Structures are given as structure tokens and as C-alpha cells.
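J.: Construct all of the structure, not just a fragment, from the sequences and the given hints.
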Amino acid sequence: MPALRSEAGPGFSEVFAGAEVRPHYRQLVELLDNLGADELADRAKILDAIFRDLGITFAIGEEGVERTWPMDLVPRIIPADEWTGLEAGLIQRVTALNRFLDDLYVGEQAALNDGIVPRWLVESSDGYQREAHGISVPRAARCVVAGIDLVRDEDGTYRVLEDNLRVPSGISYVLENRAAMTRVLPAAFGEHEVRPVNHYGNSLLSALRSIAPAGTGDPTVVVLTPGVFNSAYFEHAFLARQMGAELVEGRDLLVEDQVVYMRTTRGLEQVHVIYRRINDEFLDPVAFRSNSFLGVPGLMGAARAGTVTIANAVGNGAADDKAVYAFVPDLIRYYLGEEALINNVTTYLLWDADHRQQVLDRLDRLVIKPVAESGGYGIVIGEQASDSQLEDLRRLINAYPRNYIAQEVVRLSTHPTLVSGHLQERHIDLRPFVLSGEHVEVIPGGLTRVALREGSLIVNSSQGGGSKDTWVLREEPVGAIAAR
Amino acid sequence: MLSRHAEDLFWIGRYVERAEDTARMLDVTYHGLLEAGAVEAPTAWRELLEVLYVDEVFAGELSASPVTLYLLADKHNSGSIVSAVARARENARGVRDRISSELWETINRFYLELAAIDLPNLLNRQPYEVFQLVKNRCQTITGVALQTMPRDDGYRFLVLGIMLERAEMTCRLLSVRYTRLLRAGRTHDFHAWVAVLKSVSAFEAYLKAYRASLDPSKVLEFLLLAQDFPRSVVFALRTAELMLTHLVTEGSATAVQRPLGRVRARAEFCDIDQIVVNGLDEFLHLLQEDIWKVAEATERHFFQAGADLNLQSYETS
Chain A
33 MPALRSEAGP GFSEVFAGAE VRPHYRQLVE LLDNLGADEL ADRAKILDAI
83 FRDLGITFAI GEEGVERTWP MDLVPRIIPA DEWTGLEAGL IQRVTALNRF
133 LDDLYVGEQA ALNDGIVPRW LVESSDGYQR EAHGISVPRA ARCVVAGIDL
183 VRDEDGTYRV LEDNLRVPSG ISYVLENRAA MTRVLPAAFG EHEVRPVNHY
233 GNSLLSALRS IAPAGTGDPT VVVLTPGVFN SAYFEHAFLA RQMGAELVEG
283 RDLLVEDQVV YMRTTRGLEQ VHVIYRRIND EFLDPVAFRS NSFLGVPGLM
333 GAARAGTVTI ANAVGNGAAD DKAVYAFVPD LIRYYLGEEA LINNVTTYLL
383 WDADHRQQVL DRLDRLVIKP VAESGGYGIV IGEQASDSQL EDLRRLINAY
433 PRNYIAQEVV RLSTHPTLVS GHLQERHIDL RPFVLSGEHV EVIPGGLTRV
483 ALREGSLIVN SSQGGGSKDT WVLREEPVGA IAAR
Chain B
254 MLSRHAEDLF WIGRYVERAE DTARMLDVTY HGLLEAGAVE APTAWRELLE
304 VLYVDEVFAG ELSASPVTLY LLADKHNSGS IVSAVARARE NARGVRDRIS
354 SELWETINRF YLELAAIDLP NLLNRQPYEV FQLVKNRCQT ITGVALQTMP
404 RDDGYRFLVL GIMLERAEMT CRLLSVRYTR LLRAGRTHDF HAWVAVLKSV
454 SAFEAYLKAY RASLDPSKVL EFLLLAQDFP RSVVFALRTA ELMLTHLVTE
504 GSATAVQRPL GRVRARAEFC DIDQIVVNGL DEFLHLLQED IWKVAEATER
554 HFFQAGADLN LQSYETS
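These protein sequence lines are chains A and B, in that order.
Positions 33 to 516 (the working numbering) are the ones given, in order, by the first sequence.
Positions 254 to 570 (the working numbering) are the ones given, in order, by the second sequence.
It is worth saying that the hints were derived from the structure and are not from the lab.
None of these values were measured; they are calculated from a predicted model.
Using N, Cα and C, we set each Cβ at its ideal position, and we do this for glycine too.
Treat the hints with caution; some may be incorrect.
Among chain A residues calculated to face chain B with C-beta under 8 Å, some are [said to hold, decoys possible]:
| no. | residue |
| --- | --- |
| 1 | 278 |
| 2 | 284 |
| 3 | 286 |
| 4 | 293 |
| 5 | 295 |
Some chain B residues near chain A, calculated using beta-carbon distances under 10 Å [said to hold, decoys possible]:
| no. | residue |
| --- | --- |
| 6 | 257 |
| 7 | 349 |
| 8 | 402 |
| 9 | 410 |
| 10 | 461 |
| 11 | 554 |
T.: Structure follows, in C-alpha cells:
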């Protein structure tokens with residue numbers, strides 16, 4: 033029996049064009065067909081065991097239950113030309129966002145003064161931090177690591193669903209997915225020229241070192257984690273290991289005379305760059321929450337004095353607020369004089385009375401998102417919501433129009449996925465990771481997330497989503513390699 | 254290395270050694286009492302609680318089963334074996350990326366194993382098995398550390414923790430046994446000394462060294478001073494000193510080396526006969542106090558960099 037077949041369903045099909053398999057998937061489909069269903073099930077079991085044995089888990093839901101990282105056996109493939117376009121669009125977007133944030137916190141706020149983004153909107157954003165004003169970042173690399181969530185609409189056109197510019201996570205899974213894939217489907221790699229991803233640690237370290245305070249000869253970089261009980265601790269430890277950097281907690285650091293040190297067995301050692309995986313408000317109890325024990329008292333003062341660089345920069349939330357997101361294409365035009373290469377999903381802002389009325393009239397056909405949440409929490413998909421849910425939402429939107437946005441429903445593209453032993457079409461998205469340092473760089477591919485429930489459009493792993501290894505193919509057609 | 258990591262490793266060493274030595278003391282007390290009169294038992298158990306500094310918090314009956322359960326399995330007793338193992342695991346979790354996965358897995362598995370066993374039941378039926386299990390698993394942990402860890406500072410802090418704890422616990426073991434035998438007028442009780450030696454796996458080594466003459470002051474000498482027996486006080490302190498010489502940068506840690514050198518010399522150059530006359534208990538107590546000072550100096554010097562800085566200005570209300 034054929035392991036893979038076309039299934040009609042809503043959303044762009046990544047693998048099939050009608051009954052035909054798209055060219056860049058032909059070899060993979062053939063390989064999976066040859067393996068057969070039983071063999072696929074066996075390998076899926078091995079895959080699961082790999083992650084279980086490695087202890088690669090994440091916390092799910094409000095209760096934080098630990099579960100093994102769910103990776104699907106079938107990889108997602110992005111052909112070289114498609115990736116070239118995506119890469120250019122991502123670099124363009126992150127470049128503009130870096131410019132905007134730098135302008136906002138240490139510049140003239142030109143975009144606000146010129147009315148590109150309403151000032152009140154930015155200043156009322158939860159992620160906007162007054163404390164960050166005047167703190168400069170070398171090379172203006174405020175988003176050292178950005179995770180830009182992409183989806184494909186019904187036509188297969190990529191669109192940006194949201195920007196994650198604070199502490200985006202998931203890169204460790206990209207690397208672990210690839211490592212696991214080479215173990216369970218080694219043959220597939222022989223037939224494809226897949227671009228590697230395992231240079232990430234090296235690239236991240238270079239980016240971080242490139243933004244060390246001026247005049248630092250050999251900068252010391254550390255990874256700052258909230259600690260072992262954080263749901264992403266695995267990733268923090270992973271990145272520290274990949275970079276050969278110390279993994280520190282707040283209590284390992286101290287600030288003396290506006291210089292940050294870590295406590296070592298050989299005394300105090302100065303720290304120049306902190307890749308922090310702690311949210312802004314927990315970084316420094318002096319500047320933010322005085323009851324936080326996770327941070328380092330005086331850290332913001334040291335950053336302001338320019339003895340240490342905090343990455344990602346404090347206050348980036350002002351630019352990944354879901355309402356500010358709507359203005360990113362305008363920011364690209366304003367700062368770079370270019371049209372956005374990757375467009376947004378059509379978004380409605382709700383403080384405008386006319387827009388709000390139009391949205392409220394067709395609430396059951398839109399997606400409503402709270403502006404300050406991440407991880408898929410609080411999203412309401414109109415057509416799946418009950419009448420009473422919609423009524424509650426209507427009331428909230430009228431009371432707090434700044435707190436929500438409405439978007440057209442995007443039927444995410446679908447990809448065959450092994451679900452209880454059968455390959456079935458499931459909706460997917462893509463989170464590529466973009467690094468800013470000396471230059472802006474995109475790691476080929478990114479994290480493909482899968483909505484494992486049939487028909488579901490919510491792919492977040494915190495909401496029960498799975499993941500796929502994501503292959504970006506090299507320029508060279510496969511035939512050319514075989515002929516060499 | 255980061256002070257926090259060093260501290261975690263130091264305490265893994267201490268807790269694992271503490272669990273093992275507690276099992277050894279329980280073992281020797283428990284089995285020693287089997288052949289002793291019923292009158293002796295409450296005193297013996299109280300003395301064991303005393304050397305472990307839990308005599309004031311223990312509220313149960315002074316007999317084998319409640320005391321053993323308290324020292325072995327009571328989660329509310331921070332000095333119990335299960336508590337020590339749980340803490341060793343907590344510390345190991347904090348340095349999971351600095352220790353070998355084998356070491357982490359061994360510690361974790363022991364913790365889970367203890368949690369899965371019905372300890373009161375097993376203790377009732379096979380106390381020997383329980384003590385043996387704890388000793389065996391603790392030795393496995395230190396063995397795995399020895400075989401899988403690079404000889405870096407992390408390893409040295411781990412061994413330093415083990416050795417300081419061992420030196421102190423051997424002093425405690427001697428004081429609990431020797432004092433009691435002395436009071437009971439049984440310092441020449443052959444079986445009692447065999448039990449002491451066996452409790453630190455020293456019986457066979459002792460016989461080889463002293464050719465079968467089981468003299469109490471020779472036993473004392475062996476457990477205090479043997480240069481080549483890994484559980485003697487001097488051996489433990491010398492190993493600790495060796496670790497320390499690699500941990501200090503030139504001339505920087507005399508604050509730790511000095512008290513350690515002092516206590517090692519006090520032990521190494523003592524006159525056993527004189528000590529027995531003057532009071533062994535007092536001598537052992539002095540050694541213990543000196544070892545505490547070394548541990549304190551270690552904490553201060555290696556784990557609290559920057560603690561002397563005045564950071565008051567950052568305090569917020």
C-alpha cells in the first residue's frame with residue numbers, strides 16, 4: 033500500500049499538487065512508500081525513544097506537566113528557490129524591526145513622530161519598557177535572536193503570523209530534530225542535499241560576541257536562565273553547551289560599581305554579554321519587580337553604563353506586540369524604502385470604531401488574539417467558538433479594544449504526518465530563527481510545528497502541537513550530485 | 254568554575270558519603286546489639302543519635318526499629334539517608350550538565366529505587382540487606398564518578414566533599430563505639446572491635462597490617478592514621494589536601510589550606526596512647542570541630558565570591 037497519498041482538505045497541500053507529488057517531494061515519497069506502514073511505525077517508535085532517553089521534554093498546559101518532545105517522522109522540505117525568497121524577506125523584516133527598536137529607545141523616535149505607528153499604541157504596549165530608554169546596543173542588534181512565525185495561506189503564499197523578539201524558544205528542538213532524523217531516516221539524507229543547521233551555537237556565539245561593549249578584548253558570554261524548574265531549561269542548558277558558555281542563574285551574578293561579575297571559585301569574573309532567557313520584568317528587581325529573585329540587582333544600571341550587553345535587548349516587546357505587528361510593513365517601507373517581501377496576515381485593529389463594528393459583525397468568521405500573550409494562549413477562532421464565548425469576547429473587545437486584534441482565518445498549509453500509525457494531513461506553520469550581530473543571518477529552515485488534532489489550526493507545542501524536521505535543499509538539483 | 258556548581262558538587266560528595274556512613278553506623282550498632290544485653294540497647298541508640306546530632310529532635314522510643322527508621326527513612330529528618338540521597342539528587346540536578354550522564358543516572362536511579370522500596374517492611378525482615386543496599390549504591394556512585402569524570406575542578410570539589418565528610422564521620426563512628434565500650438568496661442571485647450572494623454570495611458585490611466592482634470589502641474591507630482587505608486581519617490584529610498592544592502591559584506587559598514593542614518597534622522602526629530589516657534572523646538571532638546572549620550573556610554573561599562562586597566545600596570523595600 034502507498035504510505036503517502038493525496039487527501040483533499042482545506043489549506044494548501046505542501047506535498048501534493050492535485051494527485052501529483054510536487055517535484056521536491058518525489059524522492060521522499062518514494063522512499064516512504066518503499067518502507068511501508070509497519071516500518072514507518074517502527075521508526076516512529078525509535079524516534080520517540082530517542083527523545084525519551086535524551087530526556088528532551090517540555091512542559092504542557094497550565095499545570096506544567098512534562099511530556100516527551102513530539103517529533104513527526106516525515107520531514108518538511110523547502111526547495112532552494114523558495115527559501116531564497118523567505119530568507120530575504122526575513123532579513124528585511126528583522127533589519128527594519130532592529131531599526132525601529134533602536135530608534136524608539138535611543139534614537140529620535142522618527143517613526144512615532146512621523147505618525148508611521150501611533151505613539152499611544154507603542155507606549156501603551158505591555159512590552160514597552162521606559163527603563164530601556166537610553167540603553168544602547170552595539171550594532172543596534174536589539175533582536176539578536178528573533179523567531180518569526182510564518183504560515184502559508186490557501187494559495188501557498190507565505191505570510192508572517194507573528195514576530196517573537198523577546199525570548200523566542202525552539203531552536204534546540206530544530207537541532208535535536210535534525211540529529212534524531214539522521215538516526216531514523218539516514219537513507220533520506222543520501223538522496224537529498226539538506227542544508228545543515230548545527231552551526232547555530234557557533235553563529236549565536238559570534239553574534240553575541242559581536243555586540244560586546246566597545247573595547248572588550250575577549251568578551252565573556254553567559255546564558256542567564258531562571259533555573260531548572262523553567263519549562264525551557266533544557267534549551268538553556270543546550271545552548272550554553274553549544275556555545276561553551278556558562279549557564280548562570282541570577283544568584284550567580286552580581287553588580288559592583290556598574291560592572292557585572294559572576295561568582296566563580298577563583299573569585300569574581302567580569303561578564304560582558306548576557307544572553308538572557310528571563311523576561312524583562314524579572315531581570316532586575318531594582319528596575320522592575322522588586323519581589324523577583326530570578327534577576328540581578330543593578331543589572332539595568334550596568335547595561336546603561338555600557339559595561340554589559342543584554343541580549344535580546346530590554347523592551348523588544350514594544351515591537352512584537354500583536355497590534356504593533358500590523359504596522360511592520362509600514363516600518364519596512366519607512367526605514368528601508370522597500371515593500372515587505374513577506375506580507376502580514378490581514379489584521380484589523382479594534383480601537384477604530386468602524387473597524388471594530390465590522391469585526392463584531394463577523395466575529396464568528398475571524399480569529400481574535402490578545403495582543404500581549406504568546407504560546408497560543410487566549411486565541412479564539414470564531415467559527416469554533418460557542419455563542420456564549422463569542423458574547424464574552426464581544427464584551428471584552430468593547431471594553432478593552434487595545435487588548436485584542438482580529439485576523440482573517442488562514443487555513444494553514446497541510447503536510448502528511450504520522451498519526452496513530454497512519455499518514456494524515458495536518459496543518460503546519462514554520463518558525464525560522466533569525467540572528468542579528470555583525471550581520472543578519474537566517475538558520476536554514478526552522479521549527480515546523482504541527483497541529484496534531486485533525487482540522488486544528490493551533491500548532492503551539494504548549495497547546496499539544498508536534499514538530500517536524502525541516503529541510504532546506506541546496507541550490508544544486510539532486511541529479512547533478514548523482515552525476516558527480 | 255561557577256561557585257554554585259562547585260558548591261553543588263561539594264555537597265553531592267558530602268551527602269552521598271553521609272548516606273553511606275550513616276548506613277555503616279546503623280549497621281554496626283544494629284548488629285553489635287544483637288549479641289549484647291537488652292539493657293545496653295537504649296544507651297547505644299541514644300549515643301548513635303547523639304553522634305549524628307539528632308538526639309534532641311528524635312521523639313520516638315530508644316529501640317532498634319524506631320531509631321533505624323528515623324535515621325534511614327524519615328523524610329522529615331534532614332539527616333536521614335533518604336533525605337541525604339534526595340539532596341544529593343537535587344544538587345546533581347543543578348549541575349546535570351557538569352557531571353557525566355552516567356553519574357546523574359546512577360544518583361537518580363538510587364533515589365528512585367529508595368522511593369520505590371517499602372523500607373519499614375524490608376527493615377523488619379532483612380535489615381542487613383537494607384544497609385548493604387545503601388552502602389553498595391553509594392559506592393557505585395563514587396565509583397562511577399571516579400571512572401567517568403574528567404579530573405577538573407568539578408571532580409576535585411566532589412572528592413573534597415566526600416573526604417571532609419568521611420573524615421568527620423569516621424571520627425563520629427569512633428566516638429560512638431569507643432566511648433560506649435569504654436563505659437561498659439569492654440574495651441577489650443574482641444567481637445565489638447571486629448564489628449567496628451567491619452563497619453568501615455577495615456577488618457581485612459587491619460588484619461593484614463597488624464597480623465591478627467586485635468588491640469583497641471591499634472584499631473584506633475588504624476582508623477585514625479593508616480596512610481593507605483581509604484577510610485582512615487588521615488587518608489581522607491590527605492586526599493582532601495591533594496584536591497585543594499590543585500584548586501588554589503598561587504598563594505590564594507591559604508585560608509582553606511591552613512586549617513586543613515592543621516587538622517591533618519593534629520591527627521597524623523598524635524600519640525595514640527596519650528590520647529587514650531587523656532580522653533579520646535575530647536580528641537575526636539576537636540578533630541571534628543577542626544574539620545567543620547575547613548568546610549566553613551571552603552564555603553567562604555570558593556562558594557561566596559563577592560559576599561564581602563557591600564551591595565546594600567541595591568536593596569529595595
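J.: Taking the hints in turn, state whether each one holds.
T.: Cross-check of the supplied hints:
The closest approach between the C-beta of residue 278 of chain A and any C-beta of chain B is roughly 6 Å, which is under the 8 Å cut-off, so the hint is satisfied. At about 5 Å, the closest approach between the beta carbon of residue 284 of chain A and any beta carbon in chain B falls short of 8 Å, and the interface hint on this residue holds. The beta carbon of residue 286 of chain A is positioned within 8 Å of a beta carbon in chain B (closest approach about 5 Å), and the interface hint is therefore held. Restraint check, residue 293 of chain A versus chain B: the minimum CB separation of about 6 Å is within 8 Å; hint holds.
For residue 295 of chain A, the suggested interface contact is upheld, since its CB lies about 4 Å from the closest CB of chain B, less than 8 Å. At its closest, the beta carbon of residue 257 of chain B sits 5 Å from a beta carbon of chain A; the interface hint therefore holds under the 10 Å criterion. With 10 Å as the threshold, the beta carbon of residue 349 of chain B comes within range of chain A, its nearest partner Cβ sitting at about 7 Å, so the hint holds. Interface hint at residue 402 of chain B: violated, since its Cβ lies 16 Å from the closest Cβ of chain A, which is beyond the 10 Å cut-off.
Among the interface hints, the one on residue 410 of chain B holds; its C-beta lies about 8 Å from the nearest C-beta in chain A, closer than the 10 Å criterion. The beta carbon of residue 461 of chain B is not positioned within 10 Å of any beta carbon in chain A (closest approach about 39 Å), and the interface hint is therefore violated. Interface hint at residue 554 of chain B: satisfied, since its Cβ lies 8 Å from the closest Cβ of chain A, which is below the 10 Å cut-off.
Violated hints, in rising order: 8, 10; the structure is consistent with all others.
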